[in-house]
Structures are given as structure tokens and as C-alpha cells.
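A.B. asks: Position chain B relative to chain A; hints supplied.
Protein chains: 2
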Amino acid sequence: MTGIEFSISATDGAARRGRLTLAHGTVETPAFMPVGTAGTVKAMTPEGVAATGAEIILGNTYHLMLRPGAGRLATLGGLHQFMNWPKPILTDSGGYQVFSLAGRRTLSENGVLFRSHLDGAEHNLTPERSIEIQRLIGSDIAMVLDECTGWPVTEDEARTSMELSMRWAARSKEAYEPRAGYGLFGIVQGSVFPNLRRESAETLQKTGFDGYAVGGLAVGEGQAQMFDVLDFTVPHLPADRPHYLMGVGKPADIVGAVARGIDMFDCVLPTRSGRTAQAFVTGGTLNLRNARHADDMSPLDATCDCPVCAQYGRAYLHHLIKAGEMLAGMLLTTHNLHYYQSLMKNLRDAIAGGTLAEFRTKFDREQQAGPEDGHHGDH
Amino acid sequence: MTGIEFSISATDGAARRGRLTLAHGTVETPAFMPVGTAGTVKAMTPEGVAATGAEIILGNTYHLMLRPGAGRLATLGGLHQFMNWPKPILTDSGGYQVFSLAGRRTLSENGVLFRSHLDGAEHNLTPERSIEIQRLIGSDIAMVLDECTGWPVTEDEARTSMELSMRWAARSKEAYEPRAGYGLFGIVQGSVFPNLRRESAETLQKTGFDGYAVGGLAVGEGQAQMFDVLDFTVPHLPADRPHYLMGVGKPADIVGAVARGIDMFDCVLPTRSGRTAQAFVTGGTLNLRNARHADDMSPLDATCDCPVCAQYGRAYLHHLIKAGEMLAGMLLTTHNLHYYQSLMKNLRDAIAGGTLAEFRTKFDREQQAGPEDGHHGDH
Numbered sequence: 001m002t003g004i005e006f007s008i009s010a011t012d013g014a015a016r017r018g019r020l021t022l023a024h025g026t027v028e029t030p031a032f033m034p035v036g037t038a039g040t041v042k043a044m045t046p047e048g049v050a051a052t053g054a055e056i057i058l059g060n061t062y063h064l065m066l067r068p069g070a071g072r073l074a075t076l077g078g079l080h081q082f083m084n085w086p087k088p089i090l091t092d093s094g095g096y097q098v099f100s101l102a103g104r105r106t107l108s109e110n111g112v113l114f115r116s117h118l119d120g121a122e123h124n125l126t127p128e129r130s131i132e133i134q135r136l137i138g139s140d141i142a143m144v145l146d147e148c149t150g151w152p153v154t155e156d157e158a159r160t161s162m163e164l165s166m167r168w169a170a171r172s173k174e175a176y177e178p179r180a181g182y183g184l185f186g187i188v189q190g191s192v193f194p195n196l197r198r199e200s201a202e203t204l205q206k207t208g209f210d211g212y213a214v215g216g217l218a219v220g221e222g223q224a225q226m227f228d229v230l231d232f233t234v235p236h237l238p239a240d241r242p243h244y245l246m247g248v249g250k251p252a253d254i255v256g257a258v259a260r261g262i263d264m265f266d267c268v269l270p271t272r273s274g275r276t277a278q279a280f281v282t283g284g285t286l287n288l289r290n291a292r293h294a295d296d297m298s299p300l301d302a303t304c305d306c307p308v309c310a311q312y313g314r315a316y317l318h319h320l321i322k323a324g325e326m327l328a329g330m331l332l333t334t335h336n337l338h339y340y341q342s343l344m345k346n347l348r349d350a351i352a353g354g355t356l357a358e359f360r361t362k363f364d365r366e367q368q369a370g371p372e373d374g375h376h377g378d379h
Numbered sequence: 380m381t382g383i384e385f386s387i388s389a390t391d392g393a394a395r396r397g398r399l400t401l402a403h404g405t406v407e408t409p410a411f412m413p414v415g416t417a418g419t420v421k422a423m424t425p426e427g428v429a430a431t432g433a434e435i436i437l438g439n440t441y442h443l444m445l446r447p448g449a450g451r452l453a454t455l456g457g458l459h460q461f462m463n464w465p466k467p468i469l470t471d472s473g474g475y476q477v478f479s480l481a482g483r484r485t486l487s488e489n490g491v492l493f494r495s496h497l498d499g500a501e502h503n504l505t506p507e508r509s510i511e512i513q514r515l516i517g518s519d520i521a522m523v524l525d526e527c528t529g530w531p532v533t534e535d536e537a538r539t540s541m542e543l544s545m546r547w548a549a550r551s552k553e554a555y556e557p558r559a560g561y562g563l564f565g566i567v568q569g570s571v572f573p574n575l576r577r578e579s580a581e582t583l584q585k586t587g588f589d590g591y592a593v594g595g596l597a598v599g600e601g602q603a604q605m606f607d608v609l610d611f612t613v614p615h616l617p618a619d620r621p622h623y624l625m626g627v628g629k630p631a632d633i634v635g636a637v638a639r640g641i642d643m644f645d646c647v648l649p650t651r652s653g654r655t656a657q658a659f660v661t662g663g664t665l666n667l668r669n670a671r672h673a674d675d676m677s678p679l680d681a682t683c684d685c686p687v688c689a690q691y692g693r694a695y696l697h698h699l700i701k702a703g704e705m706l707a708g709m710l711l712t713t714h715n716l717h718y719y720q721s722l723m724k725n726l727r728d729a730i731a732g733g734t735l736a737e738f739r740t741k742f743d744r745e746q747q748a749g750p751e752d753g754h755h756g757d758h
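Chains as they are written, first to last, in our numbering: chain A, 1 to 379; chain B, 380 to 758.
The following block holds chain A by itself, in its conformation from the complex (with noise of 0.2 Å):
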């Protein structure tokens, strides 16, 4: 496939510094998305979205299916236009989100039938119609769907699951029509066994995408057993295509998995947490409801160059929350996205210069040294 450039301008051990080009424009890698599920990146202006850096954001294809509507969203100019987000956006395949409907959808080799958790309404989702939908959202990057694999799970169900997803993610390449500036990305299954990973990457690269994802992580496996994962994944995946761990993570995941040569992520924890009184700052996490925060004017964050930092104390911040206000939301997810574009923009800096061993190590005791309220918080 030919629908989307990636360039690798520097490597540092298994860590790629690249860039990808786009039909919405380019995105440096290693690239963090924020995560926009319903069109919005929660509590941000898009223009607040790009003033932290960010060159991507990740739209849920579950959540925007069901509202606005696929079709309406096309009739309307598409995703980009509706939210004015002029950038690139890549959509998942809506499988996440209705694989967390127990007890309302079910499994056939065809797709899955579910009932819309807005109003019970019948939906049935296969490989081709995520294939259409992601097509009317107009997303830069269409994900194929797959079946997630549940959590702790034996290695004959993670076989069966995995071999639906390939059959599955063959279906939609075959239904996926190629544009230049558009691509659709493949997604490696497995769970945690090494055979099905590598045989899962292996039949993905005969069919062929444009980007490759890791899937089925960050589901409560830990962060040794994930990079243990990418350490025997990531090997069996052509190298000159991206390559995406999806959902993840915290900062420190990040780190180890960029070390272990991924090139994307995406995950709801920085605009989550900002919306639950939670900053990522230097060396972990602060709990901005803490008491001990009431009297304190200093930044979140001393090192950051974040407007918040530059402009807002902690005490306020601890004010806004504890009246309610949607201003904390608004200002500690502006500052969590900072951190996490300026973690990415690090990255990409000690690989360009071969320097990655030194980031890790000032990374880890920065970690050790600690924060004051705590590690990074689980997701």
C-alpha cells in the first residue's frame, strides 16, 4: 500500500525518529494523539489542542457512529470540518468500545451485533461497515477491526481470537479503498504469547497495511509483562512502517515502549486526569484536590513552559476544583497535554541526537526521586 509516507530520519538502539505525512498534514514521531472520542477533545478548544503540540488526535468511531452518525458527519463535511480540527485524525475501529458492552452484543464470525448504550437502538458491526464509517468520518487513519482479547486468558483463546482478528483485518483491507494521504493499519494480536504475536505479524505483513498497531495491551497485564510483549512484537514488524501501541499510557510506559521502537500512542489519561483534579508534572503525579495545595502559588510544574505553569498557582487550581469549577478541568488538561507533548518532543530530541540511554536514565531518577503526591497514576 502506498496511501501514506513514513520517513525515519534517526534511530537510536530499536527508537525511530520519523515522520509521517498525511492527508491533513505531517505528524512527528514519536507522536502522542489525544484522545477526542465524541468529536472533542474534552474540555479543549482545538486550537488549545494544537498550542500543546499536538499533530494528531484519535476519534472513536463507536461513539461518533452512533452520534452525530456516520452519515450525517459526511453530509456535513466531514470530522475535520465539524470539529475544526484542520490536522490529521486516525479512528479506531469501534471494537473497544462495544466489546465493553456486556451483556449487550454478540459475536459472530461476520461482526458484532450491539445495542447503542444512547438509546438500545440495534447496530451491527463488521470489519466492512467500520471500514465505511471511518471512511464518512474522513479520518486520516483507519484502524481495522478486531476482536479484543480478553484478560487473563489462555493461549488457546488468545489463538482463536487472534486468528478472527486476522480474518477480520483481511476483510478490511479488502474493503478499504486506497487514497493518497489516507492509510489503514493493521493490528497485531496475540495477547502475551510470542508464537501467536509473531504469527499474527507475520500474516498482517501478507496482507499488507500501512501502518502497524499493537493491540490487546494496557488491559491489566502490567508494565513488565507489556514491554515483554513489544520486545518480542515489535522485531516481527516491517520497519519502515509506524508502528502504534494503542491505549497507552503513562509516561513511563511511553518511555519504555519508544525504546522498544514505537512510533504512536494515544490514550485518555492526560485529559482524564485533567478533568479529575490530577497533574502530571516531573517525576509523577500532584492530587490538586490536596489540602496541603490551598496556600501554595508556585506553578504546577517549576520546569514546564506550559501557559498554566506560567500563569496559574496551585492554590487556585485547588480552589477551582474544590468549587466545582470547569476552569480546573479546562486548565490541568491544557497542562497534562503540555507534559505529554513535551515528553514526546524530548523523545524525539534524544533520538535525533543518539541520547535516549540519558533521557531513560534522567527519566527514571526523576521517577525514583518521586513527586509529592505520588507515581503516575494507573489508567
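Please note that the accuracy of each hint is not assured.
As the list claims (entries may be wrong) - Calculated lysine to aspartate or glutamate pairs in the EDC-like style (CA-CA distance at most 20 Å, straight line):
| id | chain 1 | residue 1 | chain 2 | residue 2 |
| --- | --- | --- | --- | --- |
| 1 | A | Lys173 | A | Glu132 |
| 2 | A | Lys322 | B | Asp498 |
| 3 | B | Lys585 | B | Asp619 |
| 4 | B | Lys701 | A | Asp119 |
| 5 | B | Lys466 | B | Glu407 |
Just so you know, these hints were derived from the structure itself, not from any lab.
C.D. replies: Relative to the frame of chain A, chain B by itself:
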């Protein structure tokens, strides 16, 4: 008193085009003050508020004295620094909110004893304490504590209430320490009774204040009666001092009050409406929750030059509201504050140009032509 400068550059009938010079900047009048109850204009950054054209905001003494607390605010550098709003701030006296605490407050000659709605703690709000709190907050303009006269009310009750407010006003003046750039406003009471309003205005002038507010309106008396009160009250206010109509109001209220010689306004309507799906547009309001907006990519108001109208369609705003997204309130509040500030600018230009009558004719015609969803909402 000589705390603040007020210069009038033009008049048109009773309407005045002026400029207030305060410690934190100048304010072109007639001016609308967005309400920043708890140290934030809800759903807005301070930069966003300033970008709408607002030059002064209102802070609520009641909320701020309870949280974060007046002493803390003073220690942290005052409200301007705390909330990152370097422009002028006017604070109310706290009385209005305290009098709303039915069953939780006791009125005496000395002041009002009340229990906090947050933790039940007992507080004593006296004229002197209100002045002290407003000094700790650091507001450019402080208001005297007054009793909120009920509605409906007999003339005897209104007189008793007004006379108490006049005694409190004198005590407030006594407690107030004049400083260059800072001012204290008296508040005319007397409900709908011309003789009481005149007596109140004359009593206040004998004491002498930097500005004069008309209080006790927008309490259910209706627009016609409010305009009647202004007709027989404003002529008794000193012509060379700013006139402030508290808690008003709808766009048509403001237009009529400006024509009657009012220079300053505050109201929660544009901000509260912004969080409840209402947009102020030429001729009336739109309810963006209405399904008929779901496929409409036109802006809220084709004649509006605000960033929301430049970048977003009604369909998107409708979608955000249905999805319960914070961005809905952020964008609608931005638009509504732009609408109000644009209205004030147009009024100022009309007074300066001697064309206020034409402006009012056009405004009334637009109101009659009507918006799609109804006339301007009630308070």
C-alpha cells in the same frame, strides 16, 4: 471622594458615553461586567474573557469570603493575581447572596448573621466587615452592604428597608479607606416608590460616593416597571458619577437602561445561558438543544464576528450539547459574552455618534422580527 476618575465624552438624550479610570485599567462605558462568582467567569479562561472585549468583571464577595477566604486571597496577592485577571474588578457586598439564604440568616441593625452554605459555619456580615473583605480581595470598586428589599413590598416595608440600607451605607463610607484608583459605590434603594428612591439618592449624595448603583431591581417587577424606576431615579443621581444598574439583564433591558442614563451592568445571563444551550443572536435567542439544529452547519449568528461563529456550525454545538461535552458551554459562553460586549460597543458608538434613537429602532425591529427559537430568555 476622588478615588476614581469618570469622564463623559458624549451624551445622547439621557445616555452617556464615558470612561472609568481604575487602578487596574480603564473601562469604556456603558460597560457590561461578566460575572466571575468564585474567582472565574464560568467556562472561560481570563484571556478568553478579555478577548470578548470585557474590561471589568464582577466578583462575588459572599462566595470568595467563604472559599478561598478573604485572608487567604490577600496573602496570595489578591484576586487579580490569584485568578490571572489583571484588569479591573468590581465586587458586590455579599449581601445579595446572604439574603438569599432563607432560614439561615438573621438580620439586625448591626448586620447579617448567617451560616455558610458550604460547611454551616457561622459568619457575621456587617457593613464594616464587607468593606474589609472587599479590601482584602483587592477589587477596584467596592459596593456598600445593603438590605435586599423584597418583592412585592409595601411602601412602609420599603421605607424601613431603605433607611437601614442608608445607615449601612454611611457606616460603609466611614469604614472605607480611600486609595487612588479604587472606589466605593453607594446603592439607591426604595423599590418602586419615587419618593423613596429620591430620598435614598439624596441621602447617599450627602455621604458622597465614587459611583451610584440602582439596587433592588430585576427581582420580578418586570421590564416596564424597572424602566419606570429608572425614569424617576436616575435624574436624582449625580450626573458626573457612574451609574450602575445591578444584576441587569437581558439585551433589551440594557438598551433601555442605557437610554435612561445607566453606565454599568452585570448579569449572569450570558454565562449561565452559555452552559444551558442558549445562544444570544440578532433578535433573540437560539436553543441549541433543539433537534432542528442537528444538520445545520450555519453559524449561530451570520452577523457575528466572534471566533465561535467564525469556526463552528450549529450542528456541532448541538452535538456537543447532546453529548454533554464541556466544550459546548465553553463555546456558547464565549459567543454570548461576545454578543453582550458587541452590544455595548454598538451602544457606545451610537451615543458618540448621536444615533442612539436609530440604534434602538433597529434593535426593536430585530427583536420583533424575532429569532427562530423565541425571544431573549428570562433571568
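A.B. asks: Which of the numbered hints are not met once you compare them with the structure shown?
C.D. replies: none
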